[in-house]
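Colleague: Numbering-wise, the sequence shown is residues -20 to -1, 1 to 418 according to mature numbering (1 follows the signal peptide of the UniProt record, and there is no 0).
Hint data in this document are derived by calculation from the structure and do not stem from the laboratory.
Where hints are given, some of them may not hold.
[Stated by the list, open to error] Cross-link-like lysine-lysine pairs, in silico, DSS-like; alpha carbons within 27 Å at most:
(1) 42 to 318
(2) 49 to 238
(3) 398 to 172
(4) 216 to 125
(5) 398 to 290
(6) 238 to 249
(7) 173 to 125
(8) 418 to 67
(9) 142 to 318
(10) 238 to 406
(11) 238 to 398
(12) 290 to 142
(13) 318 to 49
(14) 347 to 142
(15) 255 to 177
(16) 142 to 177
(17) 216 to 67
(18) 318 to 47
(19) 347 to 318
(20) 172 to 255
(21) 238 to 177
(22) 173 to 347
(23) 255 to 173
(24) 67 to 173
(25) 418 to 406
(26) 255 to 238
(27) 238 to 172
(28) 418 to 125
(29) 216 to 418
(30) 398 to 216
(31) 318 to 125
(32) 318 to 290
(33) 318 to 238
(34) 406 to 216
(35) 142 to 249
(36) 172 to 290
(37) 142 to 238
(38) 142 to 172
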Amino acid sequence: MKKKVLGFAAMSVLTLGLLAACGGKEDKKASSNPGDITVWVQFSDETPEGVAWQEIVDGFNKENEGKYKVETEYIPRSGSGGGYEDKVNAAITTNSLPDVITLDGPNTAAYANSGVIAPLDEYLEDADMDDVLDSIIQQGTYDGKMYAFGFSESNVGVYYNKAMFEEAGISEDQLPTLDDPWTWSEFNDISKKLVDKFDVPAIDMQMASNDEMLTYAYTPFIWSNGGDVVNEDGTKATGYFDNEQTIEGLEFIQGLVKEGYTTISPIEKGFETGKYPMLLSGSWTIFDLEENYQDIDYGILPYPVSDTTKELVSPTGSWQLAMTTNTEKTEASSEFIKYATSTESSRIMSLGNSVLPIRHSTIELIKDEVSDGMRVLMEQNQRSGHARPVVVAYPQVSRAFQQAIQDISYFDENPDVKKVAEERAKEMQQAIDNSLNK
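Make a model of the complete structure from these sequences and hints.
Modeller: So this is what it looks like as structure tokens:
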């Protein structure tokens, strides 16, 4: 089978693309033992994720001694997303991929469409898929088939400084809950109150990141209002990214900048050092606060929701496991993927790496072992998690989304949101059409 080389980078500027259609002499990486498989992962064995991962692998090998054995090759990603992705691309060209690889959630469609990974559905009949979060299934599914199984999950919330809220006269009974989140209007009212009190932006929305964080964290505002980036099949952006509901979501984001409620050039670690009352960020910030900024008494609030729909939506997505089409060891590979995504393995990864669980059963198992903030994010994910669009041209679509956010934030140029959405929708559509015609 000919496979297209892929260039991937996840939470930075994405450069995923179908670079070349290549075949090559086969050079299998896995052991000749029919029960031995090789797995490539994108982190170091010395990180908390690596330590948790090795515990999972050791458990699998012990439980299946004499039948299956997993060997891990640790290939850390560089800051620009290279390293791991470079090695995967090189292996695609020489047809030398291992049995199992990791991949970031938004890249499922490109890997699947290029014939790099195989569908898992026939192997998951005993995997208790009803227990798996919807967001995990969403991000791993392409063209009606599940190609990748997430082994960790993420979510984003509104961090708030309790002392600053109290000083501004915002009481506990005014705070939103998952059952009763703030509407956009209510969020604006609170933001104005904080700006008036402290004469600083109410929140750091991480708008200055200019990378995948914008797509990841801002799409929920569009989805909450009934808008979208692309259609369900991932084939159309025009008529979706430029429709009325999407434009209204973008206008809410624009309004936060226009009114001075969010900074677009934040002080570094401004929330963590008590400069800003709020921060839009993911579960990874919990670890940073508890390790390095213990003086900040904080909580985490759910996403604000559209005044029209009142629908709570939050972002999800993380790294997954997939079986390559290069492997002949489908039984061993699929058994390991199921083991690494089980309730117990999810517990090990969640507690060891401070990430969200992928199963409802794991959430129940660990909910009394994690912080209040993590519990909020876990439950918000259960109720409202929404994976990013599954589209072959995801990197180009994501970049156009990021540019749209930047476009609407430059008020000196008086940007028209509708015009920006129409222009970026056309850009997305062209990238989608090009990817599907290859």
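Colleague: Holds or violated: residue 142 and residue 249, Cα atoms, limit 27 Å.
Modeller: Since the Cα atoms of residue 142 and residue 249 sit roughly 17 Å apart, the hinted pair holds (cutoff 27 Å).
Colleague: Straight-line Cα separation of residue 255 and residue 238 no greater than 27 Å?
Modeller: holds (20 Å)
Colleague: CA of residue 173 to CA of residue 347, is that 27 Å or under?
Modeller: Given that 27 Å is the threshold and the Cα spacing comes to 34 Å, the pair is violated.
Colleague: Residue 318 and residue 49: Cα distance at most 27 Å?
Modeller: holds (14 Å)
Colleague: Is the hinted pair residue 290 and residue 142 satisfied, with a Cα-Cα distance of at most 27 Å?
Modeller: holds (25 Å)
Colleague: Could you grab the alpha-carbon distance between residue 318 and residue 47 and see if it respects the 27 Å cut-off?
Modeller: holds (16 Å)
Colleague: Next pair to validate is residue 142 with residue 318; report whether the Cα-Cα distance is within 27 Å.
Modeller: With Cα atoms ~41 Å apart, residue 142 and residue 318 exceed 27 Å; violated.
Colleague: Assess, step by step, whether the Cα of residue 216 is no farther than 27 Å from the Cα of residue 67, and give holds or violated.
Modeller: The hint is violated at about 32 Å.
Colleague: Taking 27 Å as the top limit, are the C-alpha atoms of residue 216 and residue 418 close enough?
Modeller: holds (16 Å)
Colleague: If you draw a straight line from the CA of residue 318 to the CA of residue 290, is it 27 Å or shorter?
Modeller: Not satisfied, since the Cα-Cα distance of roughly 36 Å exceeds 27 Å.
Colleague: Between residue 238 and residue 249, is the straight-line Cα distance small enough, at 27 Å or below?
Modeller: This hinted pair holds, its Cα atoms lying about 22 Å apart.
Colleague: For the pair supplied as a hint, residue 142 and residue 177, is the alpha-carbon distance within the 27 Å limit?
Modeller: Holds, at about 14 Å.
Against the hints set out earlier in the document, violations occur for numbers 2, 7, 9, 17, 22, 24, 32 and 33.
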